[in-house]
Amino acid sequence: MPRLLSVVPLVFVVAASCGAPAPAPAAETTSKVGGSVTFVAMTDPDTLDLHQTSNPVSSTIFGWIYEPLVYQDLDNSYKGLLAESWTVSPDSKTITFKLRGGITFTDGSPFNAEAVKFTFERLQRLGAKSPIFETFKNVTSMEAKDDLTFVMNMKDPYAPIFHDLQVSYAGILSPKTVRAANDNISRTAIGTGPYSLKEFQTGQQITLERNPGYKWAPALYQNRGAPYVQELRYRVIAEPATQLAALDAGEVDVLGLRAQDLAKYANDARFRVYDSFTFGLTYLGFDAKRPPFDNAKLRAALARAVNKAEIVQVVFENKLAKAQCCPIAESIQGYDTRLKEFELTFDPARAKAELEALGYKAGADGLRTMPDGKPFKPVLYTTTSDTHGKIATLLQAQLKGVGVDLQVKQLESGALLAATPKAEHDLYLNGYSWNEPDMFSLFLSCDRVTSSNRVLYCNGDLEKLIKAGRTELDQARRMQIYYDAQKLTMQEAPWQPLYMPVSKTAVNAKVLDLKQGQAGGLYWHDAWLKK
Amino acid sequence: MFRYVLRRLMLAVPVLLGVSICVLLMASLVPGDPATVLAGDTASAEQVERIRRDLGLDQPIPIQYLRFLERLAHGSLGESTRTHREVLLEITDRFPYTLALALGAVVVSTILGIAMGIFAAVRRGRAADYLTMGIAIVGLSVPTFWIALLGIIVFSLNLHWLPVTGARSPQSYILPIFALSLHSAAVKARITRSSMLEVFGQDYLRTARAKGLRERVVLLRHALKNALIPISTIIGLQFGSLLGGAFIIETIFGWPGIGRLAVQAIFNRDFPLIQGTVLVGAVTYMLANLAVDIVYAWLDPRIRYS
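So the protein lines, in turn, are chains A and B. Start counting the first sequence at 5; every next residue gets the next number (the working numbering). Start counting the second sequence at 736; every next residue gets the next number (the working numbering).
If we strip away everything but chain B, and leave its shape as in the complex, we get:
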């Protein structure tokens, strides 16, 4: 297992290099360069040229990439062209907030999704099943920003329970996490329901019941553990989209996360910061999926990595 993890981590290196090349190429294709944006709408052509030179943007793209690699070898992602701070510092200032949001949403959506899925599976074909899955469809269909704004109106403006913006208190985490969770909870509810229904038909479940085990034990220990494999795949995949989707939630709730940082970096053509945020996103995504693969082995002892 250890060797497997090591191999996966080593494989990540070429993937990340590939990602960094793609980001550089894509960023250079976007119209408008950092110098133009930084100089603003009153700058002279000479001013723009000087900024371009100062930032090394007058160099060919391969040279710019080599410089990036050179800095990376020294443990630096470079300096933001906009804020003049180390990219790593910009990211470490903000990443914990997005991570808290994404992890919170993973936990909430998993608990909520699995609970709804089991509830619906057990009551298959009955009103409770239709009602639960109906709620899941609503969760899938309603846009996240709408849920977020509705949450603000009800819980902040009408009930005065929760703050509207910022990440200054534990209460301020509640609305953003719930708003971000609902969509993925709905997906997980539907997957859980169908996985559970598949498992319900298996012989070992009949055996468990025949042994006289209590229904709760049958459901949670025998059925759910086996049904969890597709769900854990979804958790890994969704983690990435939760990180990415956090941008909308971060904008609405004035959340100081990395999603907003990345989008601002794109608007500002802040290449080092774009590169940094994308790389951090890629690393997080890969680690999340590696964690899912490890969880597979725990869920199903037949799965072994060598």
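Extracted from the complex, chain A is given alone in its bound form:
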């Protein structure tokens, strides 16, 4: 189940400024303020409690209301947002943040080091469902040294800390509101962000309204004050056909498009279509723990039977995906073009020869049997999504080309999550979304073979590299570690990387000055609506 964590499509992305805020001229600002933009949400956010969810809709809403200490800039570097600057101790175990002054929560209370400490301690106490819960297990103590100095002490150096501190789940809460609500903030959300929660109509719509007091917008934008768009609405529509009808009828202004709808909207003057990459990758995995796929040679042989270009062309019409060579997608730090030489490229003749050499002989019907004479019918597990269904069908045909009779089992996500740690599958088709090379520790480490490592792959050499990558703070050395980790993974083939999803979003042409990011989303803070 690909989950968008670091940057969700269309999230409001904010960047820090070094200088003092310089609001745009008053007259211009006033003339641009107003109107509303309506987005689509597949479901309600399950809760607005920042620490008790890993739900993507909730995460999107948090992106507008809450702000974290740091953010990831367009060049993938980390810059201060609520933090002005920071220093890291020589042993890399202590980070001292200097916080930005003069910031207030939308309940009027001031933002300070106490609020940061309160928020992260609450995360440690209640956040078992949060994607950054594990990160904070490494944090041994936190201190509000003075009003604007926050100190975080860690057990071990942890290189991905800034990534984990910039996700929307790491936003800072208003202690005043949380205490007043007796810790129950499932329907309350008070942050420092450019928007605040106006209304939560269960099952229908979430309405956010502009925070008029917001004046710490980053230098990335021309508009340094409050956003221009008065209201943002998230309308809950689960059915794709209805989502399109709502877009056509003007009930919705922004919608991610499917391949089959692209042509229609690209030529419709009422909309503009924006492109963005996602920080993720879909892969074909092999259950590396259990025979027969504990054999790296067999995994490599099957990987060579996979035609990525055909998948991207047939399923995505060459528009909504880009074939990938390596475990780290090209949108994510750590991607290295030098690794292409290790890619197990599509070569059916070689796949057949390797299968023969391994004792998988083809019968009269062209289908192979295992070395012990039993039919070779590996089972692929994947989600019930349409896209995964289409890819699975294509993989069936591609593997049949080399004599492998692939069986496909599509499972609803809860059942799939439960099935994989039990190693019920032979092959696994799914994706990850994690804008950090440390995705290795989540999806390919020995520690996670009973949970998020869905291919149950455990390799001592890779494990050492993963651990080294987590603690190495020198950027160049760290990237070399991930080069080695990727090379090893590509040679061992627990995964055959397939493609990086690309999103195409139709936005109503009434929205002006919407910035298109290099990757991962649209930038809304300068956007205003044609009257």
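These are computed hints drawn from the structure, not numbers from a lab. There may be inaccurate statements among the hints.
Derived DMTMM-like pairs: lysine to aspartate or glutamate, alpha-carbon spacing no greater than 25 Å straight-line [said to hold, decoys possible]:
#1 A:K141 to B:D1035
#2 A:K426 to B:D793
#3 A:K508 to A:D390
We have chain A already, so just place chain B on it with the hints.
Frame of chain A, contents of chain B only:
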């Protein structure tokens, strides 16, 4: 009559307990538990275990059921594992929308179905009869989701009369109610027609006509009232399926009803919410059928409950 109603209501208690046990057993058989789903695809085994413990899922099923009963005795259906809100609150937020949809569909389908049924019965064997019953067959055969999407294309996108989604205005009720009504209107039309034809052969109808009553009075007061008994049975039974079938309509129209809530609860393995929505569905269904039984007595004075 009062004692009869009371007895029926008391009988509902063991039925509901049975339903709740069945739901718990079925939910525990579904692969994937709430902790796995809640933790998401990046969680560690330790995280999943901690959530499982926090939710009390590490306890044996009988203990979990006793805890549910204990909460129920205090008037609570528990807290949703997903939203951390009281299940009752989740349901009361959404149930009125589904009830409005189901009641609206009952009213529309009953009026439409009975009108079509009478019209066809009166013109038995003529072109109008075949045409009406042909329309009913189409109504029975066409899937609800197709009618719903067609309705959106015609009335929302082409004519701009009605909104596509949501329940924000009175107009937004029209398309979902009609889409949900058509199938049951077709069933009611066919039942009405055959009941009316059966009644047409009765002596009392000949007597009514012989008395010189107007045909309209004969039809509506004498024939229809007697033909209504099987129709009212169908109304009661269909009410349940309208509540259940509302899920598709709710999904298509982005309707904030309980059908979608229940299905999401199943996907999320949100046991307290599954339990709550099923119990509310069961209570509604039983009340609807009790109401039908009471209507029987009004329709046919010979029926008496003791």
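(request) Sort out whether B:D793 lies within 25 Å of A:K426, counting only the CA atoms. (result) Cα-Cα ~18 Å, so holds.
(request) Starting from A:K508, check that the Cα of A:D390 is at most 25 Å away, please. (result) Holds, at roughly 17 Å.
(request) For the pair we were handed, A:K141 and B:D1035, check the Cα-Cα distance against 25 Å. (result) Measuring from Cα to Cα gives roughly 72 Å; hence the hint is violated.
Going down the numbered hints, you'll see the structure goes against just number 1.
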